[in-house]
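Trainee: Sequence:
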Amino acid sequence: MESERRLRTLIDAMPDFVCFLDIDGRWLEINRYGRELLNLQEAEIRGKTQAELAELSPLFATFVNFVEQDCEPDGPPVVTEQHVEQADGNLAVYEMKRVPVYREDGTCEGMLVLGRDTTEKQAAIQDLQEKQGLYSSIMEGSAIAIFLHQGKQVVIANEAGYKMVGADEPTDLIGRSILEFMHPDFIKSMQANAGLQGRRTYEEEWIYRSDGSMLPVTVTVSPITYQSQPAMHIFVQSRTEIKQVEDKLSESEAKYQMIAENTSDWISLLDAQGTVQYASPSHEALLGYSVDKLVGKSSMDIVLPADQEQARAAFQECVATKRTSVMEFRSLTKNGDILTFEAKCSPIFDETGTVNRIMVVSRDITERKRAELELEENEQRYKSLFEYNLNAVISMDLEGHIKSMNRAAEALSGYGTDEVIGQSILKFIPRSNYKFGRMSIEKVKGGEPHYGEILLVNKRGEQLNVEVALMPIHVNGEMIGVYGMMKNVTEQKRAEALVSHMAYYDSLTDLPNRTLFRDHISRALERRKPDEMVAILFADLDHFKHVNDTMGHSVGDQLLKMVAERMRECLPEAASLSRNSGDEFVILLTGLTDRTVVEDASRRLLDAIHAPFTLHGQLTYLTGSIGIVLAPEHGMDPETLLQHADIAMYDAKDKGKNHYRIFDYILTERMAKRVELERSMRTALERDEFALYFQPLICAKTGKVVGAEALIRWFRPGHGMVSPGEFIPIAEETGLIVDIDHWVLRTACKHQKQWQAQGFEPIQISVNLSTRQFQEPNFLERVRHVVEDTGVDLSWIGFEITESLIMQNVDYAIKVLNELRDMGSIISIDDFGTGYSSLAYLKKFPIDKLKIDRTFVRDITTHAEDEAITKTIITLAKSLLLKVVAEGVETIDQIEKLRHLECDEFQGFYFSRPVPVEEFTHMLSPRVR
1 MESERRLRTL
11 IDAMPDFVCF
21 LDIDGRWLEI
31 NRYGRELLNL
41 QEAEIRGKTQ
51 AELAELSPLF
61 ATFVNFVEQD
71 CEPDGPPVVT
81 EQHVEQADGN
91 LAVYEMKRVP
101 VYREDGTCEG
111 MLVLGRDTTE
121 KQAAIQDLQE
131 KQGLYSSIME
141 GSAIAIFLHQ
151 GKQVVIANEA
161 GYKMVGADEP
171 TDLIGRSILE
181 FMHPDFIKSM
191 QANAGLQGRR
201 TYEEEWIYRS
211 DGSMLPVTVT
221 VSPITYQSQP
231 AMHIFVQSRT
241 EIKQVEDKLS
251 ESEAKYQMIA
261 ENTSDWISLL
271 DAQGTVQYAS
281 PSHEALLGYS
291 VDKLVGKSSM
301 DIVLPADQEQ
311 ARAAFQECVA
321 TKRTSVMEFR
331 SLTKNGDILT
341 FEAKCSPIFD
351 ETGTVNRIMV
361 VSRDITERKR
371 AELELEENEQ
381 RYKSLFEYNL
391 NAVISMDLEG
401 HIKSMNRAAE
411 ALSGYGTDEV
421 IGQSILKFIP
431 RSNYKFGRMS
441 IEKVKGGEPH
451 YGEILLVNKR
461 GEQLNVEVAL
471 MPIHVNGEMI
481 GVYGMMKNVT
491 EQKRAEALVS
501 HMAYYDSLTD
511 LPNRTLFRDH
521 ISRALERRKP
531 DEMVAILFAD
541 LDHFKHVNDT
551 MGHSVGDQLL
561 KMVAERMREC
571 LPEAASLSRN
581 SGDEFVILLT
591 GLTDRTVVED
601 ASRRLLDAIH
611 APFTLHGQLT
621 YLTGSIGIVL
631 APEHGMDPET
641 LLQHADIAMY
651 DAKDKGKNHY
661 RIFDYILTER
671 MAKRVELERS
681 MRTALERDEF
691 ALYFQPLICA
701 KTGKVVGAEA
711 LIRWFRPGHG
721 MVSPGEFIPI
731 AEETGLIVDI
741 DHWVLRTACK
751 HQKQWQAQGF
761 EPIQISVNLS
771 TRQFQEPNFL
781 ERVRHVVEDT
791 GVDLSWIGFE
801 ITESLIMQNV
811 DYAIKVLNEL
821 RDMGSIISID
831 DFGTGYSSLA
841 YLKKFPIDKL
851 KIDRTFVRDI
861 TTHAEDEAIT
871 KTIITLAKSL
881 LLKVVAEGVE
891 TIDQIEKLRH
901 LECDEFQGFY
911 FSRPVPVEEF
921 THMLSPRVR
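Those letters in the sequence shown? Residues 1 to 929, per UniProt numbering, in order.
Take the hints with a grain of salt, since some may be wrong.
To be verified - 25 Å max Cα-Cα, derived DSS-like pairs, lysine-lysine:
(1) LYS529 / LYS487
(2) LYS545 / LYS657
(3) LYS897 / LYS704
These are calculated hints, taken from the structure and not from any lab test.
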């Protein structure tokens, strides 16, 4: 009886398919795993042929070809691999082994078939089915009468139970006490053992049947908990059947022994202390150690020390709970390899219901663990690449439905992952992009990556420019979905658009710039009809530099925008207006048949420019000069036309400004002269063609020379002296003025040093500072280099600046002038009274002298206003402890008036014109020794 129970437990605990067929191919026995796999009950299987079972179970046919093959009596076990499509559609792989079974006389009695699921995919389902089938087998398939007794009544009874007591149906017993059918001696014994807890009580008694007969039985009582209340399982077996069972036991033992010896699992039988009593031959095949060396030793000896605590806990759990436990452990093989095993510990009970043995079925899962580890590592790598990718990443099915997305995708879209799962990607792009989106997904379905740009609408409704890369997802050679990697390039697109706009449009007025305007000219010339003209108007604002110098560049910029707006308003809609540079604007008119249209447009432009502008509550007036060219009369390429328009514009300026002039080829000769003058001026410094002239400053009290203003003169070979009024404006326009001013400073310092070396009394020599020179970043550094190179004492070198210059940037001017003062220099304001400086600012500047402009001096003796202004300036200067110089003094009357007003120094033709250095030297006084 004990051997039968042990071997049956062994077979039913195995996670393998096990069945036994007789010599005629009828199925006599099948273990729990097999019944669950085929979805058939034991009663449905027993005694049926292959064909009959195939009709009952679609899965059964899979095993037919293998099972029906004949066994060779003397041949070895046959092993093959079968692919089984399971009920859920998944494909499982089974390792099948067929072993013939022989009687004692050597004849073949039947065949034992073993099958193992090597896919491990249905392990959890199989485990659950095993547990469910166990109770079903016990209750429904057991020949032993089983009763579930709670309180004083039967709750459940199996078929063998109600038949044993002679009842017709199980319901005839439900609600009645089983003790009604028991002998009084058994009732006494039950009452005597009522106080025992956690034990099974074995009794041999008699049972009374419904027909009055008595049946000798063996009774086993097992205390349990049912629905949270104490209950008992009562097992009743007829003693007349025990002998029959024992006769079959030896035959069954042989079958089960064959199973244990042929399975690749390692089967061990342990006592309650964990000592090995039996180990299957597969132990030696797996670990390399003889089975004999294992029996009698602790099962922990074959477990790695690191895993022993876990293994011991699983073993103790099985003993304590009387339930199957599962664990994993590692063992060291004889050749030094480490194998990982999954072990199932199943309890075996003695007659009293106590666990006295544990059967352990261990399966080698080393390769599976290695595969799981590799899979986990791959998953971690994928998760890192997916979750922490700086780009937005989403995964989709083949229809474009979103399955997952990373944090960057959540940040990009504004949606949480839960909000978009299952949604079509098309939901998040504008309808105008639907076609592109569908086409992109279809391309990827072809198996190739796809790259492009698309618009994405985020949760806030904003449209984002996104670069997208779509890549197919392949698993086992099959395409199952699509990865989408997205990069937000919205700001990049905006920047590119801005850069593109900046490349072709003026940043201040947003008008086309010269690059785009030349393209407009080229296209207009190409589209011109034979009887039509194309006109270009080159407009320049007169004296606009004066606005920048006096009112500052910010005011100048505001004024330029106002001019551009007025020009737009007075031009035809088809006209093209651009800003060429600075204060220059160019207009393109097309489709013309009469030049009077051009002249009318020019007059409107000049009137618009001349109308007063209101800036900071004050009226400002401008004038303009316009040069006009007509194609094809004056050329047919943009460069020539613009050059000719520029020449015409300068001719309009020469005519008195606020004029327009149509180009004439005679004008090119004048422009050629201007260009030649500029070219000659660039080489004048190298050829030493410039010279310094000096105009003396006279002390009003003593009449002695106390200083001089250094003035540049140009002696151009072949042309004689060039007037400063002719070349200085060109020098300022071209920037040559910076180098010229530097030459003036260096030359003045050299002369000053020479005069002092010659023994003359030191006097103040002043040089003029131009706006360009003053605003040079390295201006002060260049001054220091001149002082170091010439060795001059800078206290004898003065600088003259205009009011407009210092008012352009007051803070900068104060800083630079203070540094010049710190170096010892004298600072004078030239042409005082003509600028826009505030008198309040004078005390902030480090100024030593005020030079009254010649316009006030000229009429000082005849106009009371000029005298009053001059007197005010002198009074102001005295209050600020400044010296005053009167410029343009030409008469004795002017001298007398200025002396009366207490002017300090005079400068003008009355005393001397500007003279060469040799002549000026004779004016100097020897140093008093």
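Trainee: Run every hint past the structure and note whether it holds.
Mentor: Verification of the hints:
1. For the hint linking LYS529 to LYS487, the alpha-carbon distance of about 49 Å lies beyond 25 Å, and the restraint is violated.
2. With a C-alpha separation of about 15 Å, the suggested pairing of LYS545 with LYS657 holds against the 25 Å cut-off.
3. Restraint check: the Cα-Cα separation between LYS897 and LYS704 comes to about 19 Å, which is no more than 25 Å; the hinted pair holds.
Comparing the model with each numbered hint stated earlier shows that hint 1 is the single one that does not hold.
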